[in-house]
Each structure stands twice: as structure tokens, then as C-alpha cells.
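*Asks:* Residue-level listing of the chains:
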Amino acid sequence: MIEIRSLTKRYDSLTAVDSVDLDVADGQFAVLLGPSGSGKTTLLRMVNRMIEPTSGTVLLDGRDTAELKVETLRRSMGYVIQNTGLFPNMTIRKNVGTVPRLLGWDKKRIDARVDELLDLVGLDPDTYGPKRPDQLSGGEAQRVGVARALAADPPVLLMDEPFGAVDPLTRERLQQEMKRLQAKVKKTILFVTHDIDEAVLLADRIALLKSGVLQQYSTPEQMWREPANEFVRGFFGENLGLRIMARHCLSSVPLDPAPPAGTETLPRVPASATLKEALAELVGSGASAVLVVDGDRVLGSFGFEALVRALSDGSGDSIACGPGATAGGTA
Amino acid sequence: MSKKPGTVREYAKVVAVTGALTGAAAAFVPSGISFNENRIIEGEPVSLVVGLGAWGWVIVGVWIAAALVALSPLPDRVRGNVATLLGGAAPVLMLWAAGAAAAAWVQQSSDIARTSLLWASWLSLFASYVVIFAATAWLAPGWRRGLLTYLPVIGVIALALTGRLSQLSVALEYANNADDFAVQLRLHLAYVAGAVSVGLVLGLALGLLAHRKRAFEPVVFGTLNVLQVFPTLAFIGLMYPVLSGLSDRFAVFERLGVRGVGWAPVIIVLSAYAVYPIARNTYTALTSLDGGVLDAARGVGMGRTRLLLEVELPLALPVIVAGLRVALVQTTAGAIVAGLIGGGGLGTFVFLGAAETATDLILLGVIPIMVLALFFDRSALALQRALQPWDTKR
Chain A
1 MIEIRSLTKR YDSLTAVDSV DLDVADGQFA VLLGPSGSGK TTLLRMVNRM IEPTSGTVLL
61 DGRDTAELKV ETLRRSMGYV IQNTGLFPNM TIRKNVGTVP RLLGWDKKRI DARVDELLDL
121 VGLDPDTYGP KRPDQLSGGE AQRVGVARAL AADPPVLLMD EPFGAVDPLT RERLQQEMKR
181 LQAKVKKTIL FVTHDIDEAV LLADRIALLK SGVLQQYSTP EQMWREPANE FVRGFFGENL
241 GLRIMARHCL SSVPLDPAPP AGTETLPRVP ASATLKEALA ELVGSGASAV LVVDGDRVLG
301 SFGFEALVRA LSDGSGDSIA CGPGATAGGT A
Chain B
1 MSKKPGTVRE YAKVVAVTGA LTGAAAAFVP SGISFNENRI IEGEPVSLVV GLGAWGWVIV
61 GVWIAAALVA LSPLPDRVRG NVATLLGGAA PVLMLWAAGA AAAAWVQQSS DIARTSLLWA
121 SWLSLFASYV VIFAATAWLA PGWRRGLLTY LPVIGVIALA LTGRLSQLSV ALEYANNADD
181 FAVQLRLHLA YVAGAVSVGL VLGLALGLLA HRKRAFEPVV FGTLNVLQVF PTLAFIGLMY
241 PVLSGLSDRF AVFERLGVRG VGWAPVIIVL SAYAVYPIAR NTYTALTSLD GGVLDAARGV
301 GMGRTRLLLE VELPLALPVI VAGLRVALVQ TTAGAIVAGL IGGGGLGTFV FLGAAETATD
361 LILLGVIPIM VLALFFDRSA LALQRALQPW DTKR
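For the protein sequence lines, the chains are A and B, in the order given.
Quick note: the first sequence uses the working numbering, first residue 1, plus one each step.
Quick note: the second sequence uses the working numbering, first residue 1, plus one each step.
This is chain B alone, in the form it adopts within the complex (with noise of 0.2 Å):
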């Protein structure tokens, strides 16, 4: 791959220093952390300066040093490994540092005291994800640039195997739970993974459809298109009497455990919500094939099928991976509604941790579900990049 355009480097200074200053600024906002009596009376709300102590101003050092370097003169290898560094270092600094204070609260105070992460700490966090995607801009690709990315999470999940957070209310939320959560965040994979199997399946059947019979591209995509902007729960709610109807009259599908609630309208409306971006992509991926290629594969004496599987599908395959990244995120975070109609999943966290108005229950649901829309993201795009390996001019 070719170097980026001086330009995209310019304007990643910008993207880096406002990302970085964001890191400091969440450092004095009042909401950054609160040390609580117990699990559900909140404490006064303070800032991380003042509830980290000294380590809040080196959090705040970090970040400047940061924002500094993305400004300086130095070339632009060091400039980006050591903005990626610093960008990476500021939020694992500080939930080792809010981890180490919660232990302390425990100390002082007692066994059912609590220490909660408000939002400017989880701000602080995106700010990181900002900088460090900010100052890749000026490292060329690789494993070297992949692994730097990554020290961070590494870094988290090097202080949560080693009871560094521990103390943190999340962690004790998990510490609570940690049997259901396997289960429930088991669960939730299952339904991912059936949604955008089906999904994929009808996807591709649906796409392949509208690009071979014209005839009917509107009535698929006029179809998706009214599922895709349908509420979730309208569709479920419209779903139930017929669910339950089926299971009433067949025993089959009372046995299976077909009901208006539960596992089964969660995968029938994740799944219909999968369908639209792959199946689009499939579509425009098909249309949109140079025709020099296909007349020339026509040409040379290729039939319908190797037509399709030599040449059609292998230069689709991106663009519908593509589509298969959108489905994957967004089933990861659609599938929160299966704990509100007792389908169970990571869900069901969040809706309990609302009932019982406790914060980092809610957290326990949605921090699992961003880093695994995040994992499958990444590992959709890799996907998507070594099926494309004659794109490597760009």
C-alpha cells in the first residue's frame, strides 16, 4: 500500500490534539468518578483529579504530552508511535489508578462501599480511541502498527486477570454474576451468530434474485426497506399473537419452545433486520462488476455457474463481506431487546441494572456488547481485506 496524502496526515493532527485535549478535559469534568456507601445510593460525583489524587494530574500530563507530540516537528514514524503510545497509556493509567482508589474506598470505608466510573472516565476512553486512530495515520501498515493498536486492551485486560480493577463496581457487578453472565453473554453469541446466518443465507439468495430477475429488485428492496425502518418492538408486538397461535395449535412448535416471547421472535426479527445489508451489497457488489470482465468471461466459454463462482462471486465477496460487517454490529447491539421479552443475553443486564437503577449492572450488559461489535468489526474488515488482494495499488 502506498503512503497516505499529506493532506490525510495534516488533518489527522487535528483529529489527534482534539482527541487528546478531550482526554484532559474529561479529567476535570465532575462526573469522573463517585465513591458510593453501596450498590445503589450514589456518592458525590467527582472529577478524576480529584477523585485519583496525583494521579489524576499525571492522566492529565499524558494526555498534553500527547496532544504536544501530535503537534511537533518530529518525523512522522516516531511522531505516530509515541502519540499512539501516550493516547493508549492515559485511560489504562487511569483505571489501574481508579482501580487502586476503589480498593482504598473499600479500606475506609466498608465491605458493600462502591466505586462507580461516570461518564467523563468512560469519555476519557473514546478520547483514547480517538488519538490512537488519529496518529496510525502516520505509521505505515502492518503488524507492528496492529500490535501498538492493541497495547491498550492488552493492557486492560492484563490489570482485570490481575485483580487491579477488582474493586471496581463493574468488576464486583461481574464478580455477582459471573455464572449467569457466562451463560447470558453465551447466549447472546447464539443469537448473533443464528441472525446473521440466516441473514447471510437469505442475503445472498435475495441479492443474487434482484440481480438476475430485474423484475424484482423493487419488490425486495421495497420489502427490506420497510423491515429495515420497522420499530423493533412494533414487529415483535406484531409477531406475538401469531407466535403464539403456532405453539397453541402445533405441538411441535410448542415443544421447541415457540412462543410470542423468548428465543424465537429474537432471532426472527434479528434476522430481519440482518437480511437488508447483506443483501444490498450483494445486489450493488453484482451490478456493479466491470462489464469488460464479464463479456470477456462470457466470451471465453464460461457457463451460468463458473461464471458466478470463478469470477462473479470472488469479486463480490468484499463488498458483501462488507455488508456482513454491518449485519454483525448491528445484531451485536440489536440483540440487547431479547432481555426485555425474556429471551435472556447480555440484555437482560442492562434491563435489570435500569430496574433496579444500578449503573454498572447497565455497564455489566453494554461494555461486552461494544467490545464484541468492535471484534467483529475488526474482524470483518481483515476479512474483507485479504479477499481482496489485487486491490493492493491503493
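If we strip away everything but chain A, and leave its shape as in the complex, we get (with noise of 0.2 Å):
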């Protein structure tokens, strides 16, 4: 749990940070989100104090972590930035086992925590561990970096724009893989980003910035619905509501009974896919209605007022979609 209560970072004239209050719960992904200049990234590194706030405080689990020896509180906390930041001079084994090292772990428990980690972010440890980072890919070089921060287990996880520098192909998949990651390891996340499909996608909740001040937190289906203020409803545009059909999945929605077998030929449609592709889906064929199935077995369907209900329904819960996610709503 970290409790951010009235944190302001002033640099001479300029205020970076202004008395922001924010509390992300355990196991939550919280998204910090806003244009160049308002203040995230200060934020964040307030919060493992690679920056110094000018006042107010930053609670862990209840404990003020200015109380904290800085090397105690980092090493508690995974970081993860944009160009990796990986060490040249050191073997992608090493890089990984780095926190374990400060540590002071032995050795065979940080070989079997590298091999275990690697094999979570998807690199072969046999493969990968010898290498050295210049051999890797951007996309590889960010796993190394994610793994890197989750070596020791931390249950506090800060991410500086992690997929800011990769091409967007990579970067979408590394954002549904963060997607699974965190569906498995449950990390209480605070996540840089100013790319509102990203936060749109991963977040729990999204605490959006201007100038330093919080203009709103909370899910982006709320955001959506009941925008705090006019810069949020701007920030956010026309797009929001398709947006936030691709966070949810048939899967997760309430479905229509399906109508019986033989009256009608309805396209089909995996219960993995989005609710934007499932709309897609609608408006192409021209059907009132997809067939949900999960391979042969017909779940259900949905409609235009399926789609809307599920939208108006306020749950706001991020479910991960993809071959993972399992079947849900009603038959």
C-alpha cells in the first residue's frame, strides 16, 4: 500500500509537483498520465526518493519512507525506466541478480531466482543469460529490465515510460504481456506513461496530472462518464469510449442467451476477443448479434445492447483478455 499525502516537489519558481494526495491499494496498477511537463515522472521518483519532495509525505505499508536508509527503500522497490538502463559491463545473469547481490543472497538462490525470472519475462535463461545487453533487441532489453526489477520480490514495483522507446508492434506486445505478468505476480504498480492507449489498457486506475496538480483519479470508466473537469473530458477526447472497450473482454461482459441452434446464422466470435472487436464484428457483418464461443461451445451472444448495458454497468474492473483469460458471464 503506498499512501501519497500531500507531496510537492518546488524547484525555484517552478512547481513540478503540487500537494498531490493519491493512495494506490496492494496489488493495484495505478497509471500516472498527463502531458510533458506535469509532473509524473517527478512523482514517481518522489515516491523511491530518487528525488527529494520539498514537503509532504510518502507512507509504505503505514511506515514514512523518509524514515527509511534510501538504499533500504530502493531495494524494496523494482524500478524500471525507459532506455532500460541496463549495465553494459555486466552479463544479462548478473544484470537480473542485481537487487539479490545487494542483498546479500547466495549464489545458488539468485541462480535459481534469475532462471525462474527469465523464464516469467519469456527469455530463454540459457539462451539470454550468458548475453550482454548490447544483444538484445528493445524489446528483449525491456523484459531484462523488468525481470531485473522484480528480482528480490519487491511488492512495489515504480515503471518510468518502461515501453516508451520501442517500435509500436514490440510495444504493444510488451504491454499485453505486462498485462498477464501482473494478472500473476499482483505487484502494486505505479506506471509512467503519456500514451492514453496504454494507460487506457493497463491501468486499474489512472491518476491524470496537469502542471503538477491531480486533476482526477480514478478508473478510466469513470474518467469517461463523469469527467472531473474539462481538461480531463479534452485529455482524453472522443476516443475514450472505444478505448475502453478494448480493456474488456466478451469473456468478462454479461451475454445474451444464445438463440437456438439452427433459427438464425449469427458470425462467431472467441470469448478472448475485446468488446471493440466484437463491435467491429457487429457493424461489419451487419448482424444484430455475434455468436460468443470459446472453440466449438457456443457461450452465448452479443448485441448492440449487451455492449451498452456492459459499458453502463460500472464495474470497472481491468480483466486480462487474450488465450489466458477464462470464460465468465452467463451462458
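No lab work stands behind these hints, which were simulated from the structure alone.
Owing to the predicted nature of the structure, the values given are computational and were not obtained by experimental measurement.
By construction, the Cβ of each residue, glycine as well, lies at the ideal position given by its N, Cα and C atoms.
Hints are not guaranteed to be accurate.
[As the list claims (entries may be wrong)] Some chain B residues close to chain A (C-beta under 10 Å, calculated; not the full set):
| id | residue |
| --- | --- |
| 1 | Pro218 |
| 2 | Gly222 |
| 3 | Gly299 |
[To be verified] Residues from chain A that keep clear of chain B, each with C-beta distances beyond 10 Å, as calculated:
| id | residue |
| --- | --- |
| 4 | Asp23 |
| 5 | Arg93 |
| 6 | Trp105 |
| 7 | Arg113 |
| 8 | Pro267 |
Fit chain to chain and form the complex, with the hints in mind.
*Replies:* Quick look at the structure:
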């Protein structure tokens, strides 16, 4: 649990972060979003005291972080930055094992943990372990960066535009992986980005900042339905509804009963598809509804009414889409 | 490592041909070799083709063959190997023929007769270096290329050890001074080792200080810049009263042999010059480290010492060693000055030879200094590369 209390950072005449209050519950994925210069990175860096605040406090599980030794604090939080910051003089194994090494783990335990983590981020330990950072692609390096941050199993993960420097295709894949990974490891995450799609896709809650002032802190759905002010509405623009549809899977929303077999031939869409994909299918095919299927099994039907119901439902839970997602809803 | 770009390989052709033609031309320069009555009186200088007879023409042929191979459309690997071999063979052949001619001249003339190699001969050694340097651009790096490059060095050592060069004047100077040579060589190396060690410690410390406390940067490099451009002898002159005063007043300095001349000013002046390249490279290396890497290192919870030892120094070390390399080469040459102020070292032969107008005695000092400088340069370069295993893409 991270509790940020009237946190402020002032540089001479500039107030980079202005009295921000923010709670991130255990296991929650909070995204700090805003235009450049909005203070999101400064806010993030005050959490692990890379920047010391002018005033205000950050509590970690109820303890004031200012009272902890700064190295101890940082070792208890994973830290991922845009250009990976991998150490070029160390192998991938050594990079990933950095924090456990700093914590004085024995070699066997570190080795086992490094293997486990490289597997977790989808890199074969035998192939990638002995390599050096300059031998990796941007996407691979970023995965190693995430593995290094997770090494000592810290409860908190701080990520500063981690996918900002990779190509769009890789970025999308990394975002999907991040979503799956979070479903598995359930860390308390603070994630800085200026990419609205990325924020809406990944966040449990978004903290939208402007000139150091927190504008709204809520789920993307709430921001869509009840924007706190004109800035919030304008920042997300017209597309927020579609972006939110991309957050949810057919498997996570209530479906209508399927029409009796044989009466109508409806297009079939897998339950792992997002609401946005289902909408595209509805519009494209001109049908009144699509059949939601899990393999050959028909789970139900999904039409415009079901879509409206799903979006007005108010449940803001973000559930991972894709093959790993469990089939839910009513049959 | 990847292949060198094509333009480098094309450019190497021009360099190799220039080198080979320089070697060929050097054989016709009338200051190639001289056959003298004795150690001091120089005979009529002649060109290598005159002095070495038929072998002189063979050497010219080898140089021209090297140039033709360099220009030929042969595959890079063949071209590189053959041109390196020919470029290396020419000076070895020249030295062997000169050694033989010198032996013949002693037979023909008298026991005190001397044969001196003149500047055009030394020019052909340089030409060989140029040809080999260019030809290696066509070869893949590795131990094969390394061996091929050093083959002529092995050749010269073999000639010397088998006594083929023993009647050349430089070799005779060595034979006359063999005991003293060993002493002065050791002394010279001690000066280099001492001064570079002091330079390394101070250079690292000052470079680190300038990096950590930016306010000191102009002070540190301002001082070092002034020291660097201060003439050696003026420096020694200024220290003279200070050092003599010290040994006059304190017995401990006198017992250590600290005087206005001798080893003390040599070590001080050489150390002062050695600090600059090391301090400068240390500072530059530390200040130009990737900010993201340092940010990440602090972010994962490394303290100052760990940051320095695990990240900053390993990343900066190749650049620091590059500074060490400059300091080593510079100090090896600079230590000649010891010969002038009673400090000994290889400079002794240089200044003694100059006083006696015995050119070959000067060479007895200069040649080992050049060999040492080249050796330090290559060794430090190898170390520099070994310290940077992550730079494998270039």
C-alpha cells in the first residue's frame, strides 16, 4: 500500500508537483498520466526518493519512507526506466541478479531466482543469460529490465515510461505481456506514461496530472462517464469509449442467451476477443448480434444492447484478455 | 567484430602502395649505409642498392612486389597475407644483407672499421610498418593476423641472436656497453614504472575529484594544463633549489639521494606529466557515462561505493586505460631527460653519443626507447580491448 500525502516538489519558481494525494492499494496498477511537464515522473521519483520532496510524505505500508535508509527503500521497490538502464558491463544474468546480490543472497538462490525470472518474462535463461545487453533487441532488453525489477520480489514496482523507446509493434506486445504478468504477480504498480492507449489498457486506476496538480484519480470508466473537469474530458478526447471497449473481453461481460441452433446464422467471435473487436464484427457484418464461442462451445450472444449494458455496468475491473483469460458471463 | 567498411579497405590500398614505394625509394637515397674507417670518422654514405649490391636490388624488388600485390584484384585475404609478408620481409632482408656487408667490410678493412645504417635505412623500417598497418585492414582480426604482423619482429630478433647483425656499428656499441646497457635499461624502466604509478594514483584521484566535486574541475585541469605545457628543463631548473635545499636541511633526504639533479627531479617531472592524460581520461570517462545506467543503478539501491565499483569504474576503465597508454608512451620517451641530469637511463647513451658525435651510440639509446614505447602502446591497447568485452558490435 502506497499512501502519498500532500506531496510537493518546488524548483525555484516552478512547482513540479503540487500537493498531490494518492493511494495505491496492494496489487493495484496505477498509471500516472499527463502531458510532458505535468510532473508525473517527478512524482514517481519521489516515491523511491530519487528526488527528495519539498514537503509532504510517502507512506509505504504505513511507514514514512523518509525515515528509511534510502538504499533499503530502493531495494524494496522494483524500478524500470525507459532506456532500460541495463548495465552494459554485466551479463543478463548478473543484471537480473543485481538486487538479490545487493541484498546478500547466496549464489545458489540468486541463480535459481534469475532462471525463474527470465522464464517469467519469456526469455530462455540458457540462451539469454550469458549475453550482454548490447546483444539484445529493444524489446528483449526491456523484458530484462522488468525481470531485474522483480528480482527480489518487491511488493512495489515503479515504472517510468518503460515501453516508450521501443517500436509500436513491440510496445503492444510488451503491454499485453505486462497485463498478463501483473495478473500473475499482483504487484502494487506505479506506472508513468503519456500514451493514453497504454494507460487505458493497463490501468486499474489512472491519475491524470496537469502542471503538477492531480486532476482526477479514478478508473478509466469513471473518467469516461464522469470526467472531473474540462481538462480531463479534453485530454481523453472522443475516443475514450472505444479505448475502454478495448480493455474488456467478451469473457468478462454478461452475455445474452444464444438463439436456438439453426434459427439464425450469426458470425462467431471467440470469448477472448475484446468488446472493441466484437463491435467491429457487429458493424462489419451488419448482423444483430455475434455468437460468443470458446472453441466449438457457444457461450451466448452479444449484440448492441449487451454492449451498452456492459459499458454502463459500472464495474471497472480490468481483466486480462487473450488465451489466458477464463470464460465467464452467462451462457 | 564485423568487417571493416569497404572504403577503409580501398583507402588501405593507397596507404600500402605509398609505404611500399617509400621503401623502394629509400633504397636509392644516397644516405642508406656508410662504411667507416673507425667509430668516429664517417665514410662516404652510399645508397642501399650501392652498398648492398645485388641484395639491394632484391630488396627493391620485394617492395615493388608488395605494391603490386596491394593493387592486385586478388581476394582480400590473399592480398592482406602476401602484402603483410612482403612488407615485413623487406626490412629483415635489408638488415641481414647489411649485417653481411658489415662483416665483409671488417674483413676487408680493419678490426676497428664500422658500418652504420643511415636515415634511409631507418626510413625503410618505417615504410614496413606502414605497409603492414595498411595490409592488416584486409585481414580478419585474430591471433593469425597478430602473428603475421609480428613475424618481422621475430625475424630481427632471430638475426640478432644468431649474430648476423653483430658487425653493425649499433651492435658493436651494444657489445662495448653491454653491462652498462642492462643497468641503464633497468633504470629507465624503473623511471617509467615509478612515474606512471604516481601518475595513475594521482590521475585517478584528481579525475574522480573533478567528477564528484565539479567546483574543483577548473582548478585541477587548469593546474595540470600549465604543468603539461611547462618545458621539462625549466621545470627541473625551478625544482633545483627546492630539492637541494631539502637535502641540505634534512638528513633523511640526503640519505635517500634527493638532490637538485639525479633521480628525484626525474621522477617528479615525469610523474607530473603522466598525471594529465590519466586524470583527463578518468574525468571524461566518468562524466560521459550513460545517465540512464547511473539512474538505474541508484534506483535499484546501489550506494556510492557500490555504484563506483560495480558500474562507474568498470564502464570507465577502458577509457582510463587509454589515458594510461598515452602516459606510458610519453613517459618512456620523456625519461631520456634523466640522461642529461645525471639520472642515468637510456638517455645516457643518447647524450653521450651526442657529445662524442657517435651516431650509433645515440641509436643504442633511441632504438630500445622506440621498441619499449611500441610495446607499451600495443600492450595497453590489448588491455583496453580486453576490458571492454561488451563493445563487441563494433
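*Asks:* Would you mind marking each hint as holding or not holding in the structure?
*Replies:* Quick rundown of the hints versus the structure:
At a threshold of 10 Å, the smallest CB-CB gap from Pro218/B to chain A is about 25 Å, leaving the interface hint violated. For Gly222/B, the shortest C-beta to C-beta distance to chain A is roughly 30 Å, which exceeds 10 Å, and the interface hint is violated. Interface hint at Gly299/B: satisfied, since its Cβ lies 4 Å from the closest Cβ of chain A, which is below the 10 Å cut-off. With a cut of 10 Å on Cβ distances, Asp23/A stays outside the contact zone with chain B, its closest approach being about 23 Å.
At roughly 14 Å, the least C-beta separation between Arg93/A and chain B is larger than 10 Å, which holds for a residue marked as non-interface. With a least beta-carbon separation of about 14 Å from chain B, Trp105/A lies farther than 10 Å from that chain, consistent with its non-interface assignment. No beta-carbon of chain B comes within 10 Å of the beta-carbon of Arg113/A; the shortest separation is about 15 Å. Annotated as non-interface, Pro267/A keeps its C-beta farther than 10 Å from every C-beta of chain B; the closest such distance is 48 Å.
Hints 1, 2 from the list above are not met by this structure, while the remaining hints are.
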